[in-house]
Amino acid sequence: MRTPQRASVRFHLAFAVLGVTFLAIFSWVFLKEYLAEWRTTQAQFDQLQRRVKDPHALSLAAPLGEIQQIWLPDLNRVDRCPTCHLGIDDPAFVSAPEPYTTHPGAWLRTHAPDRFGCTSCHGGQGEATDFRNAAHQPIPYWSDPMRSPQLIEANCGACHRERRPRQAVWLEKGREVIANAGCIACHDIPGFSLEELRAPRLESVGYKVRPEWLRTWLADPKAYLAQARMPNFRLEPPEIDSLSAFLLAQRETAPLDSAGIDWSKADRDRGRTVFGEARCVTCHRLEGRGGTMGPELTTVGSKVGRAWLFSFIKDPTHDQPGTLMLRYRFTDDQIRDLVAYLTEDLIDPGAPQASSEVRYVEPALIERGREAFVRHGCYGCHRFSGMVDLGKIGPSLLGIGDRAIEAADFRNAAVVPSRPNWLFLKLRAPDTLADQSRMPTFNFSEPDAAAAVVALLSIRRADLPVSRVTDQPRPVRYEPQGTFGALVARYRCLSCHQTRGWGGELSTVPLDRIGSQLQHAYLVSYLQLPSAVRVSLEERMPWFRMTREEARTLADYLAGVFVDDSLERPVPLDADAARRGARLYQTLGCRGCHSLGGTGGYVGPDLSDSGRRLKPGWIEAWLSDPGRWKPGTLQPNYGLKPEEARSLTAYLMTLSTDRSGSTP
Amino acid sequence: MGRTIFRVGWPRTDKDRAAAMISSLVLHIHPAKVQRHSLRASYTLGLGLTSAYLFGVLIVTGVVLMLYYTPHPLDAYRNMKDLQFVVTFGPVLRNMHRWAAHAMVVVVFLHMCRVFFTGAYKEPRQFNWVLGVGLLLLTLGLSFTGYLLPWDQLAFWAITVGSNIAGYAPGLGAEIKYLLLGGNVIESGALLRFYVLHCVILPLLAAMLIAMHVYRVRKDGLSAPPAAEPPPIEEMAPGRFPPSTRSYGLMALADRPAQPVVESEPDDEVLTWPHLLYREVLVLLAVLIALHAAALLFNAPLEEIADPTRTPNPAKAPWYFLGLQELVSYSALIGGVLVPTLLVLALVLVPYLDPVPRGVGVWFAPERSRANRIFAALASAAVALTLVGMFFRGPNWAWVWPWTP
Amino acid sequence: MNDPTRRRFLFSTGVTSVVLSACGFLGATARYLSPNVLYEPPHRFPIGSPEEFPPGTATFLPEHRLFLFNNPAGFYAISSVCTHLGCNVRHIVGEGFACPCHGSRFDENGQVVHGPAPEPLAWFGLSLSPRRELVVNTRQPVQPEYRFRV
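Residue numbers (the numbering used here), protein chains in the order written: chain C, 1 to 664; chain S, 665 to 1069; chain P, 1070 to 1219.
Accuracy of the hints is not assured; some may be wrong.
Stated by the list, open to error - The calculated lysine to any residue pairs, modelled on SDA-like cross-linking and capped at a C-alpha distance of 20 angstroms, are:
#1 K32(C) x L1102(P)
#2 K980(S) x M1054(S)
#3 K841(S) x Y859(S)
#4 K32(C) x T1098(P)
#5 K32(C) x Q748(S)
#6 K32(C) x G1096(P)
#7 K32(C) x F1094(P)
#8 K32(C) x A957(S)
#9 K392(C) x S437(C)
#10 K980(S) x A404(C)
#11 K314(C) x P295(C)
#12 K32(C) x A1097(P)
#13 K32(C) x T752(S)
Since the hints were derived computationally from the structure, they do not count as laboratory data.
From just these sequences and the hints, can you work out the full model?
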């Protein structure tokens, strides 16, 4: 028998080398697994908790060496953050370093981690078990990195859909910016509705504005008015030509006839007085002072024509059915003087002069103007008959918070291609972005744009279960009918006042229980000639010059319907109680804020006439718990005993400025 | 008791070793003796063996990966994240599966080139070449179907592009695409189909073809020896018999008396155990080491979750189809259908069309220089097109340099 | 070192490494198969506010497989999973529990009366969440005297 064939030593050597190499590389696999980042992190935590906690607490501590995860099937989230953030809900680790430290604030009490997870609020990749992949900082292929403190409120907004979420100031401000800018005109935005838009109708604008003003306005609204709500559409001169030709041709409803007015008799000084008495500045700004509900009037004389203004003041709803402007009961002479004041005193001396020549306008130019009007989506804000079904020109913003962003979206390569940056630039400087859109320039301030970015980021694509979402029901339009309704419509009460959640926000007094708060006689006289109860307020109720009949009708209805039965209770008003109340008035220091017969503070309402103004049931209820009736009021809750509240009420009911009645 | 399992035991003599090879089902895949020629690494490069190993690795890793995988769009991506982050050894297994799959495409292609350049598809191996072409296509199919399973952007858009290329096939293209996707869009139905194709149908087909392929190799001799023709005179040593076309001897059948085994030189044939087996074990270890190293050093890509509304720019097919995509970018019909169909047809028919019967068993035989040149040109064109698609095509399929960001 | 010794040494080195790696592979596979995270219902879960379970009632919660009792002494939760082979038992007022599968009977406290069940029904600990919901913890076994007062 021959000796068996053998493999050469070379092969044995190769076998040994390869075998050992394989063993080594296989051990590396094990090492890599058992030296994983989260395991070392947990080991360090173990040492920490031995120092921080006593043996008993230690024995109850959660076991280490495992991946901790929070699984939220309804949110489709898996968060493994607690694998490393081990002290997050344990106050013992307040001063521990990251990642072991306790969660700051009381947030976890309202947002328990086992119900909300971590990434719902913070963003990041919850599935990951190491620092980098958890997307504490942006990483490739994970579009939702952890939110910076500046942006974290965007995640609040994903669930908290109410317009004014508590404790999220940037989000609240951002939603306000979006509402005020009228984004809803061109974009569908969840949570916003077209009803919030305010812009004049333009079917009869040809009668209203001066042609030279219109051209300036179209070129750049901010040049005429720094607070202009209309954005700059960056129109080219030919577009301005055609657009103004189109607009000036819009003459659907002729102004009310002012042919009989003798303008030579107009007295601008009387007009100024009427302007002051009517408290126009409550809504209109004049030389830096006044409200913002209506358009600024500083240079209104350069903007609108005299005949149209006369008609508008006489009946604002004549060509603007939805206007917030009320219909004063002025005489024609008063209107004449007022118009003269407005159009002759309130002018911009630098405005281009009117060119009186009448020119022929090509129909083709008007047609091009109409096309520009549609192309720029002007009908989104300025409702226009015949342009109802054109749809919004901008894309829906549903899911804008998840929009994918690439470096190619930016023109400037220096900008970090992130979603917040893209949104910020889109709002502030759309021309730095790659795609040229028709979106106009709004000139948002940086804080406004930043807040709007937060609000936009909160609009996510994923549909959350209803149980996860908090929202406020949308107020239902309140339109009273009948005589009362006609008066409410004429004097536009709901432009400023709220009732049943509907109405304007200028007035601090909701009308819901006004009939139980104020005495009927006082209401009647106040409606006819409103006097300031709070002298510190700039926005005061206008003097409508309504008739006594009208005031009575309103007061009757308010006293009968706008009541709160719990306030309609008798309060014993004996003299003893009033004396005790007077002492209490001194000891509590009420005069620090309230004035009485001309002395005292100006923060709260004047109480000199409260005996004729207020109802006792209301005073008592208010004093007992002011915050219940008006959240956030400055009126302190003194924790008065019932009899104290009653004595104070009795005292206040004795106060009156009417010398003929009972004296205090 | 050991003897009831291993009848021969650890063989100590040549006879035992031969008996061990014959008595074992697994080892019976080999003959008891092989020609030295077949063992030369520079001849076979071990490519067929390597691809078989890769297939084995893919089966093993694939089966265990299936335990953590649900073929549904809502779960698949989360499963990938779990494999990446929380399953012990999950990343290594996934990486290994991925890299082995890519490696298999490369190795099978190289194996084909090797066989062509050594003329090893000729008589009697014509049909085995056809089987090999089938296996190449199956390898591509396996890789392609597996590409969708992670359900990320890379997967989704590569399969979108790939399945649309399939849709260009004349006549039946639309139907093929419809059947492949189980619908018109890539959704849960398509994912399930790709999963079943990837895990059941294609592996079964591949296993059957591999069995036939290997059986033919076994029957026709481990690798084509340079013996179908007499070797050049100056290389022929005096007194040496023409070697057998078959590499084994013990089981030589009587109806082939022309090549009696006993007459072959002892130097020319060696026992499979240890010479071949040892080499095979070494190749196996090398393959495993390389795969583990790759799996530890390079992570398999996983992009964002599939989003049908957002197409990455450029959307690229899996890399081995990028040559095809490059062709399609010029002409859908010619590039996407005509060229690949003709290529596959030509590959299938190569052994039957090749007019030169000689030049077997040596690299780049001068008799076959024309065939080799044609094949080399086509293969380099395929590689070049693929490289162009991989590295020189940027957004909008425009030309870019690979080093520009 | 002579040639055969060297051969033997190298060969056994290689074999040892390969065998060790193979063992490692088996171990790694076993470890891989044991999942680290579970997508299962949590062992602590809220079942609703105490007012939803009026006094003197027994409520079957099929999705959690347990009975919640509210008697004058307090709340308690008993598993509905028969300890024999895991069927859901039925509650018979005044008698106890009956398993429909193999006839095991339990008394009102879940103790085995007769039948193949080897152990009494499990009792689970209760607690009250900050949002005033009853919370069941299935990993907190308690004795049949257990009563939870809100």
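Tested hints:
no.: 1; hint: K32(C) x L1102(P); in the structure: holds (18 angstroms)
no.: 2; hint: K980(S) x M1054(S); in the structure: holds (8 angstroms)
no.: 3; hint: K841(S) x Y859(S); in the structure: holds (16 angstroms)
no.: 4; hint: K32(C) x T1098(P); in the structure: holds (15 angstroms)
no.: 5; hint: K32(C) x Q748(S); in the structure: holds (13 angstroms)
no.: 6; hint: K32(C) x G1096(P); in the structure: holds (15 angstroms)
no.: 7; hint: K32(C) x F1094(P); in the structure: holds (15 angstroms)
no.: 8; hint: K32(C) x A957(S); in the structure: holds (12 angstroms)
no.: 9; hint: K392(C) x S437(C); in the structure: holds (14 angstroms)
no.: 10; hint: K980(S) x A404(C); in the structure: holds (19 angstroms)
no.: 11; hint: K314(C) x P295(C); in the structure: holds (17 angstroms)
no.: 12; hint: K32(C) x A1097(P); in the structure: holds (12 angstroms)
no.: 13; hint: K32(C) x T752(S); in the structure: holds (10 angstroms)
Violated hints for the displayed structure: none, as all numbered hints are satisfied.
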